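Produce the complete structure using the sequences and hints provided.
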Amino acid sequence: MSLSARMILVLTLVGLISGGFLAGVAKLTKERIALNVQAEIEEAIDEVVDDAEVDMLVYEEEDFVIYKELDDEGRLAGLAIQATGVGFQDKITLMFGLDASLEEITGLTIIDQSETPGLGAKIEDWEDFLQFWENRDARGLLTLRKPPVKTIGELLPTEINTITAATISSKKVLEIVNLSLERLKELIKQEKISVDVEEEDGN
Amino acid sequence: MATKSIRAEYIKGLWDENPVFRQLLGLCPTLAVTGTVITGIAMGLATAFVLILSSLVVASIKKLIPAQVRIASYIVVIASFVTIADQVLKAYFYPISEALGPYVPLIVVNCIILGRQEAFSSKNSVGRSFIDALGMSSGFILALLVLSSIREILGAGTFLGYEIMGSWFKPWIIMILPAGAFITLGILLGIALFIERKTKRSE
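Top to bottom, those sequences are chains A and B.
Residue 1 is where the first sequence starts when you use this note's numbering, and the numbers rise one by one after that.
Residue 1 is where the second sequence starts when you use this note's numbering, and the numbers rise one by one after that.
The set of hints was computed from the structure by calculation and includes no laboratory data.
Keep in mind that the hints are not guaranteed to be accurate.
Cross-link-like lysine-lysine pairs, in silico, PhoX-like; alpha carbons within 25 Å at most [stated by the list, open to error]: (1) B:Lys90 to A:Lys91; (2) B:Lys12 to B:Lys62; (3) B:Lys170 to A:Lys122; (4) A:Lys146 to A:Lys122; (5) A:Lys122 to A:Lys150; (6) B:Lys123 to B:Lys62; (7) A:Lys122 to A:Lys91; (8) A:Lys150 to B:Lys170; (9) A:Lys146 to B:Lys170; (10) B:Lys90 to A:Lys30; (11) A:Lys27 to B:Lys90; (12) A:Lys185 to A:Lys171; (13) B:Lys123 to B:Lys63; (14) B:Lys4 to B:Lys123.
Coverage of chain A stretches by chain B, computed from C-beta distances (three or more under 8 Å per stretch; other residues unrestricted) [as the list claims (entries may be wrong)]: (15) 3-14; (16) 19-27; (17) 182-193.
Remember, it's a predicted structure, so these values are computed and weren't measured experimentally.
Cβ atoms here follow ideal geometry from the backbone N, Cα and C, with glycine treated the same way.
Okay, structure coming up:
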C-alpha cells in the first residue's frame, strides 16, 4: 500500500473509531445533562418565587425567558424571569421573581457569572447582595444605593444596595433587571403573553 | 530509556521531570483553575484521565500510524478522551463542571498530554507508557494541589471550603485573582530551582 493511502486509511479509521465512541458517550450522558440543566433552573425558580409548584414556560428568547408559576391550587404565584446581559467581565445570567400582582420583586438569584473573584463575584452572595433584592418595588425602575447601607430596612423600596468595590457588577445586575421589567411590560401591553391564570387552568 | 526501573519511571514525574515545576508544561490550567482546591483537584483528575488513557491508546497503536500523520492521530485520540471527560463531568459532577468552565475542553491543548505522547508513548511499550503517564499525572495533580492550597488558604481563608484561618484573618483577595496565580507559581518555581541547585551541588 502506498504511503498516502496508508495515511488516509489510518486517519480515517482513527476518526471513525473516535467518532463512534463519542456518539456512544453522548447518548449515555445526554439525558442526565439535560436533567442537570433543568434542575438548576427549577432550583433558581424556587429561590425567587414563593410557593411555586408548577413551572410553565410562557415566553422564550435567547436572553429572556419567562416562567409562569402556579401554586399547589393552580393559582398564579408569580412570574420567574430568567435574563442574560452584559456584566463587568462576561455575561451574567440571573433569575428573579415577581409576585402575583407583578408589582413586587420577590427575590433574585444568579445562575451564571464570571465576575472578578472576591469582588464582582459577590453578586452571588446572599449577605453581600442577594438579600437586598427581596420585596423591591417593580412598578418603576430600580436605582442603586451608594454608598451602601448595612440592612435592607435602610433602603427605599425602589433601591438596591451596591457591593463595596464592585459598583459596576452591581449596576450591571440592576440594568439587566430594569431592562427585563421593561421588556415584560411591553410584552404584556402587546398581549404577547398573558398572565391571567384563569385562561390556562387546564395546565 | 528502557534501562530505568519501573519505580524510577514513576517517580521522575513527581519531581525530576515534574510537568509544572520542572518542564513548565500545562501552565494555562495550572494558573486558571487553582483558585480553589476542589477545582484544582478536579482539573488534575480530568487531565490524569485523559493523559493515562491517551498514553495507553497511543502506545498500543504506535506501529500502525505513519510518522507523517502521527500528531494528527494523537490529537484525535486526545480530543476524544477530553470530550468524554467533559460529558461525564457535565452529567455526574455538574457543579464542578460549571466551575471549571471552558478549561475542561481546553485539556486538548494541554502540552503535557501531547508532549508525553510524542516524547514517550510513541517510543515505549504500553506498560512503561502507563507508568510514565501515571507518574506525570501524579506530578501534575501534586503541583495543582500545592498551588491551589496556597491560593485558597491565603485568598479565602478556607481549605476545601472549610474555614481554617479563623475570624482574625483578612483574605488576600489578590491570591484568587490571576495575579495571585502568577505570583504563587513564580515563588514555587523559584523554590523548586533552589532545591534543584542545592541537591546538585551536594552530589
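Hint by hint, here is what the structure shows:
no. : hint                 : verdict
1   : B:Lys90 to A:Lys91   : 20 Å, holds
2   : B:Lys12 to B:Lys62   : 23 Å, holds
3   : B:Lys170 to A:Lys122 : 16 Å, holds
4   : A:Lys146 to A:Lys122 : 16 Å, holds
5   : A:Lys122 to A:Lys150 : 15 Å, holds
6   : B:Lys123 to B:Lys62  : 8 Å, holds
7   : A:Lys122 to A:Lys91  : 15 Å, holds
8   : A:Lys150 to B:Lys170 : 20 Å, holds
9   : A:Lys146 to B:Lys170 : 24 Å, holds
10  : B:Lys90 to A:Lys30   : 9 Å, holds
11  : A:Lys27 to B:Lys90   : 13 Å, holds
12  : A:Lys185 to A:Lys171 : 21 Å, holds
13  : B:Lys123 to B:Lys63  : 9 Å, holds
14  : B:Lys4 to B:Lys123   : 14 Å, holds
15  : 3-14                 : holds (count 6)
16  : 19-27                : holds (count 4)
17  : 182-193              : violated (count 0)
In summary, the structure is inconsistent with hint 17 from the numbered list given earlier, while agreeing with all the others.
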